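Take the sequences, apply the hints, and build the full model.
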Amino acid sequence: MSTSTAYIEGVGIWSERLPAWNTASRILRGEIAAPEEPAKRPSPDLLPANERRRAPDTVAIALAVGSEACAHAQRNPSTLPSVFASTHGDLAITDYMCDTLASTPGLISPTRFHNSVHNAAAGYWAIATGSTRPYTAISADRYSFGNGLLEALVQAQSDNETVLLVAYDIAAQGPLANVVKSTGRLGCALVLGCQPTSNTKHVMQWQLRESEEQGDSINSAKLARTENASLVAGNAMAPALPMLEAIARAPGNIVCAVGPKMGLELELAPMNEYSFRSVS
Amino acid sequence: MAESVADLHARRAPSPIARLCISAFTATSAVGRGNAATLTALRARASGLSRNDFGPQPVDTYIGRVEGIEDNPLPQHLKQWDCRNNRLAWLGLNQDGFMSTVDTARQRHGPTRVAIVLGTSTSSIGATEEAYRSLDNAGRFPQHLLNPLIHTPHSTGDFLRHALSLDGICVTVGTACSSSAKVFAQGERLIRSGLADAVVVGGADSLCGSVLFGFNSLELVSHEQCRPFDVARDGINLGEAAGFALIERALLEPNGTGPTLLGYGESSDAFHMSSPHPQGLGARSAIADALARAGLSADAVDYVNLHGTASRKNDEIEAQAISDIFSRNTLASSTKGWTGHTLGAAGILEAVITLLALEHSFAPGTLNTTRLEPDCPQLRIENTDASLQTGMSLSFAFGGSNCALLFGRNA
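So the sequences go chain by chain: A and B. Take 81 as the starting number for the first sequence in our numbering and just add one per residue. Take 44 as the starting number for the second sequence in our numbering and just add one per residue.
Simulated from the structure, these hints should not be mistaken for laboratory data. Remember, predicted model here, so these are calculated numbers, not experimental data. Treat the hints with care, as some may be off.
What the hints assert, rightly or not - Derived pair list, reagent style DSS-like, types lysine-lysine, alpha-carbon separation capped at 25 Å: (1) K261/A x K122/B; (2) K261/A x K120/A; (3) K281/A x K341/A; (4) K341/A x K122/B.
Written as structure tokens, this is what we have:
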């Protein structure tokens, strides 16, 4: 398969110890220590005031990182098609739904029910930003980030678009936490373009490769290369961390797993003025 | 500067796509297993809806329940994935020779070159609900349900990868009731990008407490059999289904026959989590984009399988959009009076019904309905025998996600 090129215009990230890209990129480069005090949950300022406090964690985090990445890219969020990736969706709502169904099914909250759909964060994003562009919401177990990234790259390339990728997972709660392994809260977002612009931050060559010999190890082997990235290593979206590390430390190469036998090979380089002139 | 270009992008019509060949398709729902049973029920106007008898304290409504799931456990080598949703998916896979067509594609292209894009809304959550109903004294899942493979949205996608022995891209789309329509769009992009030679697209969604009690809490469920587009309609019936299609690059021979994917359109309402846009804005732009990708005008569409849930709002807004967009010669109907609303599987189920309509020159009407919503001359109660060259299927979802699919009869 041939190599394609995408252009990273913006990045967003939120977790308790990696609270925004400006700070997180320096932490991931090892320039500064992670803050001792965990950050408070971001306020979903895009939502109407009466909805902010009761917004599910997944929605608050997805909206925060999506906004940050769009601002970084100087893109109007309403103009971008988007891909939302989450391994498990809102695990707190899943716990609530199953717990209530087991005890008092007739008392299910209608709001929590419609917030239980896997595309809840995507739907709130579209409403809050006024975006009528298509969104999708995907899941692929431990390959959720890789498949979200791949779908965003495919949309950017095949439809000549600038695409927003948002990826997030939260901690498992209640009895489900014995079976589904996810701790902490992590969200990240990328604005990926198909053409270089004056806002391009990084150039990324990508290629989907069959990587049979590496099997499942391509996922874990690349995890938490720095101690700081291991701050959220227990989160189901932790497979996004090597990519974020690579962006913070570019130039560099990583493999992002999209399945047990498939990997996305990524080669990242900062987009300096010279390379902008040479490709445009 | 970047914004003005992006704004232009936002308004432009999508470019036409090369049509894709649909090498195989199948659906299993309350009206029966596989295409022949589905077609027979549609022709005979035999509804698959029955009184809700699902789970403890059943809600007073009708459901479209697939018979025999309880008696059909998964084969030994797939036992790890055993749950209602994956059993339903397995039942669906084993109809109409679908597995052998995938096998042929796997041998022709190689196991990493055949992708899986599966749509589901609630996936295997029924198993999680069951575990919460049967916690042990320490508040833990019972042993037989202590299995992470059946407590995650990708459960059925992962199951399919093993059941079909495929090693390519395998991903789940979870956009509620548009899920298994949007899989055609994602699959087309994978083929166009050269990342797959063939894609198994489809969906599976099974009945569970979450949706029965959830839709009931929103007061959207009818106590009777649903009556899509009837002036006196009073709500939806939930159902379950599994369906699949294999899409591949169309052969270049001019005399190729067989159904094709001509176009698709995706949009979002940006309006409300559980109510459609009052003017059907997103629905209209999804239809327009599907036509643009196919390079066809609305007049070319012979049949439209509508979302038509029988909710007050959906049907009113959808009927208005259909009457504004399509010619009076277009036939339109909702088949949810046969199957119920199968949520994340509705996209593929109704895509298959549309493909059957094209293949058999037969447009199903609308079951249980006696007085149609006025001012939409395209709506049909009765079945119609007519030569149909192109058919559209519409799916709309919570979170304002819309998808329109356009199919052709011959390559």
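Status of the hints after comparison with the structure:
1. K261/A x K122/B: holds, 22 Å
2. K261/A x K120/A: holds, 23 Å
3. K281/A x K341/A: Answer violated: K281/A to K341/A is near 30 Å, above 25 Å.
4. K341/A x K122/B: holds, 22 Å
Hint 3 from the earlier list is the only one contradicted by this structure; the remaining hints agree with it.
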